[in-house]
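K.L.:
Here is what each chain is made of, one letter per residue.
2 protein chains.
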Amino acid sequence: MLCRTHLVRLPSITAELFASVSLTISIDAMGGDHGPQVTIPASLACLKNNPDLKLILVGDETVIKQFLAQELAAVEDRLTIHHASQCVDMDESPSKALKNKKDSSMRVAINLVRDGVADACVSAGNTGALMATARFVLKMIPGIDRPAIISTLPSIYGHTHVLDLGANVDCSAEHLFQFAIMGNELVKALEGIENPKVGLLNIGEEDTKGNEQVKSAAKLLENSSLNYIGYVEGNSLNAGHVKVDLIVTDGFVGNVALKSIEGAAKMIGTALKESFNKNGFTKLVGLLAYPVLKSFKERIDPRLYNGASFLGLRGLVIKSHGGADFLAFKTAIELAEVEVKNDVIKKISQQVEIILAQREFA
Amino acid sequence: MLCRTHLVRLPSITAELFASVSLTISIDAMGGDHGPQVTIPASLACLKNNPDLKLILVGDETVIKQFLAQELAAVEDRLTIHHASQCVDMDESPSKALKNKKDSSMRVAINLVRDGVADACVSAGNTGALMATARFVLKMIPGIDRPAIISTLPSIYGHTHVLDLGANVDCSAEHLFQFAIMGNELVKALEGIENPKVGLLNIGEEDTKGNEQVKSAAKLLENSSLNYIGYVEGNSLNAGHVKVDLIVTDGFVGNVALKSIEGAAKMIGTALKESFNKNGFTKLVGLLAYPVLKSFKERIDPRLYNGASFLGLRGLVIKSHGGADFLAFKTAIELAEVEVKNDVIKKISQQVEIILAQREFA
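Going line by line, the protein sequences match chains F and V.
First residue of the first sequence: 1, per my numbering; consecutive thereafter.
First residue of the second sequence: 1, per my numbering; consecutive thereafter.
Honestly, the hints are just simulated from the structure, not real lab data.
It is possible that part of the hints are untrue.
[Claimed, not checked] Okay, the calculated bits of chain F under chain V, using three or more residues with CB under 8 angstroms as the criterion:
#, stretch
1, 144-158
2, 164-177
3, 227-239
4, 249-257
5, 271-284
6, 294-304
Built from N, CA and C at the ideal position, the CB exists for glycine as well.
Given only the sequences and the hints, what does the whole structure look like? Please build it.
P.N.:
As structure tokens, then:
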């Protein structure tokens, strides 16, 4: 049975989840392909859904004010504008952004997390610049060598969490192990399960398969306290023969796999559309089938899975897809809300500390 | 416009293509999940489609004879049975198969290629054992360090050829370059195009993206005579923003990408089925839409893309999916026919020789 979406991200239950919890999130209002046109309506919708949420919109004050609609009144006391004079371009080099854009909406939004003014930050901006800036500003959790990007994919079992999705092009076994530790804590916190099933992405399930990094990482995982289920193959991301909660891989493989899935979905969608647009009869059938096709589309809507978390940093940063629309960006903010509410940074830091201590005594 | 399938593999044009060309293919009749039950009917169908084709069915003579139907008469003069007393198990270790199964249907089918009795061999058996045996028996083309597995994927532009799909878990830039040279010759021969567009799989299109192997391979490709178009991302396998004829990657990434696409297709198919099976109304709509959904399914039918070629060896070996059914195995034999007809091994060997000579003079 294919479950539609993240329970954790459904707006209908968000209000209940956050009852009497106060949380503040900074929004890079200028980031993404559509900027304030998308970030501001999505922010207002989230404020309406969660009475405990406070948002700080970071960016050009004049522009932001233009986009704030008259409906603002209802949430005004929980919305702040924080002026930032610069924007990071979507194709700007991370090092240049880091050097030259010290007053960018992205940087200032992250600064607010560092300074404890915000509990998390959400940006649809340039991924490389966001990662470099977040790492520079927030610093790493002691014991973690590299940050990783984690997100969720729909699967025939509900959904699967996957990391790394592109932060690291070369990973040692130790890096993969650290990703597993961090991902495991995130999945525990978000899903409310005790022992997430952790799989290592490989080109076969047999022990002999894979490269040296994967084989060594498997040994580290076998000897850990994680619920490691062994190697899983690429099809496990969406439809393996067993349910996996967390799949660990390096950023090169994870990124290619994620984009391969996007391409496959696009091709299949195109073929389906063309089949229904073939002639008068098929168009008529398509009209009749419209509600069914619409419900099908909603079940695998990537916008309901938007939002990737940067793990390994001392603060919460959520990356939204650059091309996110209203629904997608709203989903990313809701993910930030759930992560703050579940105190994931603290949980990850504590777990890393425990494991480091165990290693020292081993 | 999504084109349905390989022109090269359509049975309707096969006969015309092969007019007055004689070719012999050895079939590992015992290989695959279904063995002779699938391999023999598919072989007979290919013989009927192409009057110039000769097949050698390799395996247990008694078993093969049981499966040969009475319809054999029409093609009898072009069908030989070559007895082999052993079978390689689907989960047998490649090294054990190589050592202990010297009279397996797989090994003997490859021996026939080495001895010039057959022009190519087709097997649905254990991939690792087939690769190890083929490499041991046929040897490498001088100048090529490692064999690679190439196959085709459907795309919104028609289809894309991809290698390596799992033969090599770690590849240097030089290996990737060699894969590109071999793949390029195969695509030229199969598609009849002069300058296939060659892309290197990466996690972004910018020059700064990727690991050291990919960046160094890009330099080798830029300085080559190939029509190298640069980095492509995972979505280019099925639906990138430009058409690519050949995508080059290492076997780890290629295998994960291929299986990720399989998983995505399965999940989407499951969601579509469930949407039409939801209730009485949706089932009725599903009945009306049946011909449209059937034609959609046929357009992306993976059986029409079955058959991966092992490149880099001194003989032609085609690997069919282990779970192949009649149509899928028939497609793999047809691929072997097209590759023999186009003399791909000779073309690849010549091209490798030219490039080696150019390097020596450089």
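K.L.:
Now, for every hint given, state plainly whether the structure supports it.
P.N.:
Results for each hint:
For the stretch 144-158 of chain F, the stated coverage by chain V holds: 3 residues have a C-beta nearer than 8 angstroms to a C-beta of that chain, and at least 3 were required. With 3 residues having a Cβ less than 8 angstroms from any Cβ of chain V, the stretch 164-177 of chain F passes the three-residue criterion, so the hint holds. Here the stretch 227-239 of chain F counts 7 residues with a CB under 8 angstroms from a CB of chain V, which clears the bar of 3, and the coverage holds. Only residues whose C-beta sits within less than 8 angstroms of a C-beta in chain V count toward coverage, and the stretch 249-257 of chain F has 7 of them, enough to reach three; the restraint holds.
Under a criterion of three residues with beta carbons nearer than 8 angstroms to beta carbons of chain V, the stated coverage of the stretch 271-284 of chain F is upheld, 7 such residues being counted. Evaluation of the coverage hint for the stretch 294-304 of chain F: fulfilled, as 4 residues show C-beta separations to chain V shorter than 8 angstroms, against a requirement of three.
The structure fails none of the hints (numbered hints given earlier).
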